[in-house]
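J.: Going line by line, the protein sequences match chains A and S.
Per the working numbering, residue 44 is the first one in the first sequence, and the count goes up by one each step.
Per the working numbering, residue 1010 is the first one in the second sequence, and the count goes up by one each step.
Fair warning: there could be bad hints in the mix.
[Claimed, not checked] Derived contacts from chain S toward chain A, CB cut-off under 10 Å, selection only:
hint, residue
1, Trp1028
2, Leu1029
3, Ser1151
4, Leu1157
5, Lys1173
6, Asp1174
7, Trp1198
8, Gly1210
9, Leu1219
10, Thr1220
11, Val1265
12, Pro1267
13, Ala1325
14, Ala1352
15, Gln1426
16, Gln1430
[Stated by the list, open to error] Some residues of chain A that are not near chain S, with every Cβ distance over 12 Å (derived):
hint, residue
17, Val45
18, Lys122
19, Val170
20, Ala203
21, Ala211
22, Thr213
[Said to hold, decoys possible] Which stretches of chain S does chain A cover? Using the computed rule of at least three CB atoms under 8 Å from a CB of chain A, they are:
hint, stretch
23, 1289 to 1296
24, 1318 to 1324
Calculated from the structure, these hints are not laboratory results.
We treat Cβ as the ideally placed atom computed from N, Cα and C, and that holds for glycine.
Below, each chain spelled out in residue letters.
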Amino acid sequence: MVLSLLAFLCSAVGITILYRAWQRKIRNYHGVALCGAWFLVALSVYLWSIAHGPEFGVCYAFITIALQSWALIALTRDKRVKENRTPQLPQQPLALTNALQALPKQALVLITAVPLAGASAMLFTVVTTSLLPWQSVNIVALGIYTMPVIWGLAAYWACADSKLWRPALTFAIISAVAALIIYR
Amino acid sequence: MKLSVSPALSKRSLKSHSWLGLLVSVLMFLVCFSGTVAVFSQEIQRWEQPFVYESLDYQASTIQTAYETLLNEHPEQLSDHIIIRLPTPDLPRTSITTDHQSWFINEDGSLGAIKSQPFTDFIATLHEALHLPETYGLVLVSLMGALLSALIISGVMAHRRIFKDAFSFRGKSNPQAREIDLHNRLSVWGLPFHLMIALTGAYFGLASYLTGFYSDALYDSDPMALFADLYGDIPQLTDQPLVLDIPRAMEQLKEVSPGTQPVFITVEEVGTESQYMLIGSQHMDKLIYSEQYRFDASGNYMNKVGYADGEPGQGAVFSVYRLHFGHFGSEFVKVLYGLLGLALTVICVSGINLWLQKRGKRDALNNLWLGIVWGSPAALAAAGVAQIGLQVSATPVFWLGILAAMAYAQWRNAHAQVRSQLIGLTILALVSLVLVHLFRFGASALEPISILVNSCLLGVALLLIWYWQKTGATDA
Chain A
44 MVLSLLAFLC
54 SAVGITILYR
64 AWQRKIRNYH
74 GVALCGAWFL
84 VALSVYLWSI
94 AHGPEFGVCY
104 AFITIALQSW
114 ALIALTRDKR
124 VKENRTPQLP
134 QQPLALTNAL
144 QALPKQALVL
154 ITAVPLAGAS
164 AMLFTVVTTS
174 LLPWQSVNIV
184 ALGIYTMPVI
194 WGLAAYWACA
204 DSKLWRPALT
214 FAIISAVAAL
224 IIYR
Chain S
1010 MKLSVSPALS
1020 KRSLKSHSWL
1030 GLLVSVLMFL
1040 VCFSGTVAVF
1050 SQEIQRWEQP
1060 FVYESLDYQA
1070 STIQTAYETL
1080 LNEHPEQLSD
1090 HIIIRLPTPD
1100 LPRTSITTDH
1110 QSWFINEDGS
1120 LGAIKSQPFT
1130 DFIATLHEAL
1140 HLPETYGLVL
1150 VSLMGALLSA
1160 LIISGVMAHR
1170 RIFKDAFSFR
1180 GKSNPQAREI
1190 DLHNRLSVWG
1200 LPFHLMIALT
1210 GAYFGLASYL
1220 TGFYSDALYD
1230 SDPMALFADL
1240 YGDIPQLTDQ
1250 PLVLDIPRAM
1260 EQLKEVSPGT
1270 QPVFITVEEV
1280 GTESQYMLIG
1290 SQHMDKLIYS
1300 EQYRFDASGN
1310 YMNKVGYADG
1320 EPGQGAVFSV
1330 YRLHFGHFGS
1340 EFVKVLYGLL
1350 GLALTVICVS
1360 GINLWLQKRG
1370 KRDALNNLWL
1380 GIVWGSPAAL
1390 AAAGVAQIGL
1400 QVSATPVFWL
1410 GILAAMAYAQ
1420 WRNAHAQVRS
1430 QLIGLTILAL
1440 VSLVLVHLFR
1450 FGASALEPIS
1460 ILVNSCLLGV
1470 ALLLIWYWQK
1480 TGATDA
């Protein structure tokens, strides 16, 4: 209980210092303050882990940090009244023709960002993680947790690149090479 | 600290973020919204059948009696598995389940009421599969997990002032600036939670495809070998007695694994000479759902799978469920998960609102989105009224409710008024839900769990009244 309270206080103080540093309210020793703040936040994770074990401790730490930050944001919100009216946007009919014209291009982005990126993310994850000198069960678990991030990166690229053929071609090549390695 | 992406990369990332956000918009909103409610599935389950006997104390002999009663009195209901759910602090009721039927177990071991929780099932299947056939629905919802991680990555890359603006919130500024700040502040500080939800959410429907590839790469295309590695191999037994000795197994469990909390008993290969028992027991310092201890039919301990102290990969995979739903620690963790889930839902809504505003015009999309966002809580509460009060299936009420809200929003074409009316409807439906629950269950509705859930429903109604009064029929 004492450790939990201490952990709670550490993150609260750390986040408050971060707030003051990032808002430029600390002018002297700015870097030291930032380092101290991050140290306190890291210390809170450590204290939560001692109090509740590493698995629960890390969960509690991240939940607490999120809620404390939101609470601080709510408390320090800018209360100066500014332009407070919603601009009246012009009413228009649904531009279905434009949407239909854009459909083929958007369909290609969809295919690249979802099935193609997904397949290449899975195959890439399997091939790269399998190179690790670990027990198979640990490799599978690592793949289960990392594959969505790799898919996410691939989907991000597919939607961000102005030339769709680049990610599409890359995913196709990765998929083909990875499949060749797995099924050779 | 100078840590910023270039304006060009930020612009491209924002384009990617918008595209992905629009792609998943409605589905992601429904998954996040239903997930927020699903965190409390155990409480809703108890509220839905409040008359069931509840206690944390039970005798192993009582479980044996229930099991034998099932064998003798309901042989037609038997299947390959029997699952006995043992009481835990968050669900202090005991039940026995076959593939065909499920009963609660009374204090004396007799079989009690048939387990029937259609409203809880409705919420669970909405979150797991959006009420689609499981094969497709599960994959679609898990796909939301993968795309949520894409949204997180693109969101971070698009945000050039991620540190400088980390705490700024223009509370009295125009609605668009407020919405931008709300979206960014909730996203940035909730990032670890959202990423965890994305990764664990992707597991449920996509892991089978990934393990298929792993089976080909590492297990000579033998998926059973992979499953044996992950979930333990199947014991091969012969000449087992046809009636299990559960008390003996539970007695042995106390010696093998003291200080753990048994949560379920599964009987495998029911009624055959190779039948055996698994007892799932929760380790209080681990996120794994449980360690699985195996016993032969006579109740002799054989081995355990090793989730608790075997390979870390086994533990990591078996921790997904509790990590995703927040079913660990105290009830307070569920409340925090509820808040964080609500934050993710708000992020989803505010993201689409921003996209709609930035178009510089209003059309049918604005109205339809409004109908979905504010129609969903009203439809969910109305579905509860239909299910609890009238015993009419909640699923069609929910979906028709959302469709009606969309159609009404488009017909009226008056954003603020329609939002106000839909909030009013939600408040009315929530109060009605409490009233129909009281009316249907009478004295049982005064059980502590019913009082708690009904109070929460009224609390949500009060919060909505406050929001209703604050925003009124204006666009603020």
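J.: Against this structure, judge whether each hint is valid.
T.: We went through each hint and held it up to the structure:
For Trp1028 (chain S), the interface hint holds, since its Cβ comes within 10 Å of a Cβ in chain A; the closest pair sits about 4 Å apart. For Leu1029 (chain S), the suggested interface contact is upheld, since its CB lies about 6 Å from the closest CB of chain A, less than 10 Å. With 10 Å as the threshold, the beta carbon of Ser1151 (chain S) comes within range of chain A, its nearest partner Cβ sitting at about 9 Å, so the hint holds. At a threshold of 10 Å, the smallest CB-CB gap from Leu1157 (chain S) to chain A is about 8 Å, leaving the interface hint in force.
At its closest, the beta carbon of Lys1173 (chain S) sits 6 Å from a beta carbon of chain A; the interface hint therefore holds under the 10 Å criterion. For Asp1174 (chain S), the interface hint holds, the least distance from its beta-carbon to any beta-carbon of chain A being 8 Å, beneath 10 Å. With 10 Å as the threshold, the beta carbon of Trp1198 (chain S) comes within range of chain A, its nearest partner Cβ sitting at about 4 Å, so the hint holds. Because the smallest distance between the Cβ of Gly1210 (chain S) and any Cβ of chain A comes to about 8 Å, under 10 Å, the interface hint for this residue holds.
Look at Leu1219 (chain S): its Cβ gets to within about 5 Å of chain A, closer than 10 Å, so that hint holds up. The beta carbon of Thr1220 (chain S) is positioned within 10 Å of a beta carbon in chain A (closest approach about 6 Å), and the interface hint is therefore held. Taking 10 Å as the C-beta contact cut-off toward chain A, the hint placing Val1265 (chain S) at the interface is violated, the least distance being around 21 Å. Interface hint status for Pro1267 (chain S): violated, as the beta-carbon distance to the closest one in chain A is roughly 17 Å, over 10 Å.
The beta carbon of Ala1325 (chain S) is positioned within 10 Å of a beta carbon in chain A (closest approach about 4 Å), and the interface hint is therefore held. For Ala1352 (chain S), the interface hint holds, since its Cβ comes within 10 Å of a Cβ in chain A; the closest pair sits about 8 Å apart. Here the hint on Gln1426 (chain S) is broken, as its CB sits about 14 Å from the closest CB of chain A, past 10 Å. Checking Gln1430 (chain S) against chain A: minimum C-beta separation of about 18 Å lies over 10 Å; hint violated.
Listed as a non-interface residue, Val45 (chain A) keeps its Cβ farther than 12 Å from every Cβ of chain S; the least gap is roughly 17 Å. In this structure Lys122 (chain A) is not separated from chain S by more than 12 Å, as the shortest Cβ-Cβ distance comes to only about 6 Å. Residue placement check: Val170 (chain A) does not keep its beta carbon more than 12 Å from all beta carbons of chain S (closest about 7 Å). Consistency note on Ala203 (chain A): stated as away from chain S, yet its beta-carbon is not over 12 Å from all of that chain's, at 4 Å minimum.
Distance check for Ala211 (chain A) against chain S: the nearest CB is about 15 Å away, which clears 12 Å, and the non-interface claim stands. No beta-carbon of chain S is positioned within 12 Å of the beta-carbon of Thr213 (chain A); the least distance is around 16 Å. Taking a C-beta to C-beta cut-off of 8 Å, the stretch 1289 to 1296 of chain S contributes 3 residues in contact with chain A, enough for the three needed, and the coverage statement holds. Only residues whose beta carbon comes within less than 8 Å of a beta carbon in chain A count, and the stretch 1318 to 1324 of chain S has 4; three or more means the coverage holds.
Of the numbered hints given earlier, the model fails hints 11, 12, 15, 16, 18, 19 and 20; all others are met.
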